[in-house]
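Those protein sequences? They're chains A and B, same order as listed.
Position 294 (the first sequence) corresponds to 294 in our numbering; numbering is contiguous.
Position 148 (the second sequence) corresponds to 148 in our numbering; numbering is contiguous.
Treat the hints with care, since some could be wrong.
[Stated by the list, open to error] Stretch by stretch, here's where chain B covers chain A in the computed footprint (C-beta under 8 Å, at least three residues):
#, region
1, 65-76
2, 95-109
3, 307-315
[To be verified] If you want the footprint, here are the derived chain B segments under chain A, 3+ residues with CB under 8 Å:
#, region
4, 33-40
5, 225-234
6, 245-256
Hints are computed from structural coordinates only; laboratory data are not their basis.
In this text, a Cβ means the ideal position worked out from N, Cα and C, and glycines have one as well.
The lines below spell out each chain.
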Amino acid sequence: MANRTLRLLTATATALPLLLAQAATEASAQELVIATFGGSFLDASKECHIAPFEEATGSEVDTVVGNTTQHSASIRAMGGQSEYDVVYLDDSAATQLKNEGLLADIDRSQLTAAGQIDPRAFDESGQYVVFMTGATAIAYNTDLVDTPPTSWNDLFDEKWSGQIAIGDVTGTSGWQFLLAVNKLHGGTLEDITPGLEAIKPLAQDAVTLYTQADQLIALFERGEIAMAPWYPDRAGSAADQGLPIAIAYPKEGAVGIRPTLVIPKGAPHPELALKYIDTVLSKDGQECFAEKKYAGPVNLDVELSDKAAAIVPYGETLQQLWFLDPAVTSKELPNWIDRWQREVLR
Amino acid sequence: MSRLSGTALVAPLVLVLAGVFVGPLLVMLPTSFHPYVPGQGIGTAWTLENYIEPFADSYYRDVILRTLWMGFIVTAIALLIGYPLAYFMARTTRTWRAVATLLVMFPLFLNLVVRSFGWIALLSNRGVINTWLMDLGVIEKPLRMMFDMTGLVIGMVHIYLPFMVFMLLSSISRVPRDVEDAAATLSASPSRVFFFVTLPLTAPGILAGCTLVFVLTISALVTPRLLGGPTYKVMSTLIYDEFLVKLDWPSGTAFAFILTAIALLVIWGANRVARRVTGGAW
């Protein structure tokens, strides 16, 4: 009992600044608060999901920008009294928060698009839904690299020494690339020693260990890097802006990313939240997001243009995608970060 | 002023500080004694593990020692640069003092992030300094000045120097000129006057300035994050990562309390030294 009170106090104390910030922005009663990702992701969301949603429901959407870990920390701090209605998270964080009992159920029967969605997109216990398929694949500079890379091993080629960037382990592409290399060298999810040993020289020779996905754009632009493990959606957007970037899926299979939508416990407008999720999952919403943001659709009715299909995980590349069990990754990630800091960076 | 009215004057501030600073801090204290179970969250059992690990694990120990070393170096450099500057400001004409004050204060008007980014533009591999040195043919490969102690110390000295200078300035200004003149009249050389009269009289200011800069340096977050990158960690960036990257609040909280304890210890120690130096007059 005392412990519960304490946790409640902790939650209140840490959530106070958030609550105050929220109170200042909260104007109308029917305002949906969405915690989402920034940059080109938000721009595409506004066009593909938020605008149609506002038009259909007559309510307004307020967005709070951050990354997965920041959103997770906020949800935990608000401890079941969420100010957010819908939150974008990666599936590993969604699993973690589900285990902490901080997420509300997503009622599948209320979603009109449910029938068209790949059934694997729904969490077994119905607490999150995957809305797109992303990947960690290889982005390369088309001005510097003549033959597109075909394997993760190409990043280790002597030829590109000093021209490679990789993600720090705290970012998705960072730990996913580590696991891909680990698998290549015979490691398992429980034993990542082979991966750490193989990646160490590359990490120490790397131009940078990026912590923000968009850090790579400037490096590609200046020709400082030839290749990097990166996300097809970011690479696609950068290529659309005229940068010499292309994406290659390694033959060993790229690593799958499954960003999810969740409704935190205590969300003020759960019904509206469901409607928003429905908009994101609808055929139109998915099609638009795939063409604009190169997000792999989970709605099976969506048909992609040739251009988008070449970039997003789709068809064969989707079949080869290596999906990790979010229950395992959420449990092991702190350990991977610890070992990376001690064994790779020191 | 009566004691009562003094209390009344201080009360609002004490209440605010206790309410928004000490209160939440104490609420966080129990968290640091719980275990963290990855994938599950904060456990309910009680443990001392979070306080033992930082000292038992060589990686954490390195980070703690690095933080203290950084604080020491930054304080020492700030003092070495700051003292002559403050001395000049205290003894020069009114106009020059105004100019110097403006120059010292100007960096404080700029956002911390902007100042740190300024140093990135200068210090990075393709930054101004490296490009310049390579164009001149002085070096072939870029010098590594970021993501290590060099970059951190340069950035932190720049940011905290004004605090040192203003602390020293007020202390040096308070030294009566007659005392120095008296020493000079007794045929003491200028250096003797400085080392045996001025310096001891400004000792409290030196101590106060050093304490302030040291504590600010070891608890700084923005500059170490930007100039240290993801690899070169100090305690504050480690705490940030424990909270926001690993979601390990218990470890993060324990680290935060250890950092707070170090800061309090330094302040307490400095106070004791100051009392001894000034014979209790401070």
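Verification of the supplied hints:
no. : hint    : in the structure
1   : 65-76   : holds (count 5)
2   : 95-109  : holds (count 4)
3   : 307-315 : violated (count 0)
4   : 33-40   : holds (count 4)
5   : 225-234 : holds (count 4)
6   : 245-256 : holds (count 5)
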